[in-house]
Each structure stands twice: as structure tokens, then as C-alpha cells.
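Go by the hints and put chain B onto chain A.
Protein chains in written order, with this note's numbering: chain A, 542 to 654; chain B, 30 to 140.
So these bits of chain A aren't anywhere near chain B, every CB distance computed over 10 Å:
no.	residue
1	Gln563
2	Thr571
3	Gly601
4	Pro608
5	Ser610
6	Thr618
Straight-line alpha carbon distances no greater than 20 Å define the calculated EDC-like cross-link-like pairs of lysine to aspartate or glutamate that follow:
no.	chain 1	residue 1	chain 2	residue 2
7	B	Lys71	A	Asp628
8	B	Lys127	A	Glu595
9	B	Lys127	A	Glu599
10	B	Lys71	A	Asp567
11	B	Lys132	A	Glu599
12	B	Lys71	A	Asp552
Don't read these hints as lab results, they were simulated from the structure. We put the beta carbon where it would ideally sit given N, CA and C, even for glycine.
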Amino acid sequence: SAVISQKPSRDICQRGTSLTIQCQVDSQVTMMFWYRQQPGQSLTLIATANQGSEATYESGFVIDKFPISRPNLTFSTLTVSNMSPEDSSIYLCSVLSGGWGYTFGSGTRLTVV
Amino acid sequence: QQQVKQSPQSLIVQKGGISIINCAYENTAFDYFPWYQQFPGKGPALLIAIRPDVSEKKEGRFTISFNKSAKQFSLHIMDSQPGDSATYFCAAQGGSEKLVFGKGMKLTVNP
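One chain only, chain A, in its complex shape (with noise of 0.2 Å):
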């Protein structure tokens, strides 16, 4: 299966300021998802990120929140804009991996002070 880098695994940023994670999958995928996990809680599927076209964001997300960008096939990266201490989550990168599997990255843990 797919092996995927997510970058940063953690970090903690002041509110109203912006973040950028970046996903690294060590082969070519069609499609990355970003999912967003709050504490204790369940995954949810923020966007759908397809090379060389606009992403397709889940109800309840918005692109000026979480605009993504999706440069080529191996690459990817959600940007979390004027972050409130809501949008403290783990964030994780997902491809489609082989056949079946939907793999995932480590996730990054975004707390917001």
C-alpha cells in the first residue's frame, strides 16, 4: 500500500493566524482526501483533492477556510485560514490505495491557543 508523509505531526498556533499542512504519497494517486478528527472523535471528510482541478469540499466546509491545493500526483496540502480554538483537530491525509485500502497518513495534531 501507499506509504504517506504528513507534515507538520503537531503544532500550536495563536488564533486568526493560518496553517498549512502537507501531504507526501510515495506514488501516484488520482485522488487525496483531507479528513478532519476532533478530540475523541470520529473522522470526517473535509475535501476530495484531484490533480489539476478544483477540490470538492464536503457540506460544512468551505474553501476560504480550507483551501487545498493538489500540484500534482504524489503531492498535496490543506491550508487551515484564521484558525479559532475550534479548529484544534487532528487533520489527516487519505489516498486510495491498491484495490481496497484507503490509507492514511500519521495526521497532524493542530491545537489553537
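Just chain B now, kept in the frame of chain A:
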């Protein structure tokens, strides 16, 4: 509306016991049902998955049972070990639906 309902929310078992996690779904378009294991500070890792054309799949100590008519599936962990202590998520995907997750179950296996 929660598309995949998971229970229980937490479970404590003794070493060597059987851990059972249940999930139910409503959307008949789902045709892929994976289970993920997540350790603290890590991303979820695919544990085992099943498609609805089979009723059971076993990999080592982990077994998925699938009941298509009841729209339910479960994970059984046999001979549970302290190293199995983690959070387990069921999920479902199919048709035009994205992968959706249950709320997760925190398993604690006491030595």
C-alpha cells in the same frame, strides 16, 4: 444523519477474551466495509475489509461477520491481547458515497 452506527463506544476485556464490535448501516449502495485500528498519535490503519458477496472474512485473530439482509456487520477479535488496545472504527463506502466512518470504539485489553 449518521450513516454508520457503531456500538459499543468502549469495551474492556481481559487478555484472551473475545472483543466484539457491531456496526449497522442504512444505505444499500454501500458495498465496501472496512475496519480501521487507530493507536494514539497515529492515523487509522486498515485492519480488515469485506464486500457484501461474502458473509465472513477471517484474517488471523480478526473476523468480520456480515449480514446483508440486516445491514449489519461486526468485528470479532479472538484471544484479545493488550497490544490490541486501540480505537476501532467501522466504515462503509459505495456507489457515489464517500467513505464514512462510525463513531469509533475504544478497546482496552487488561493483562
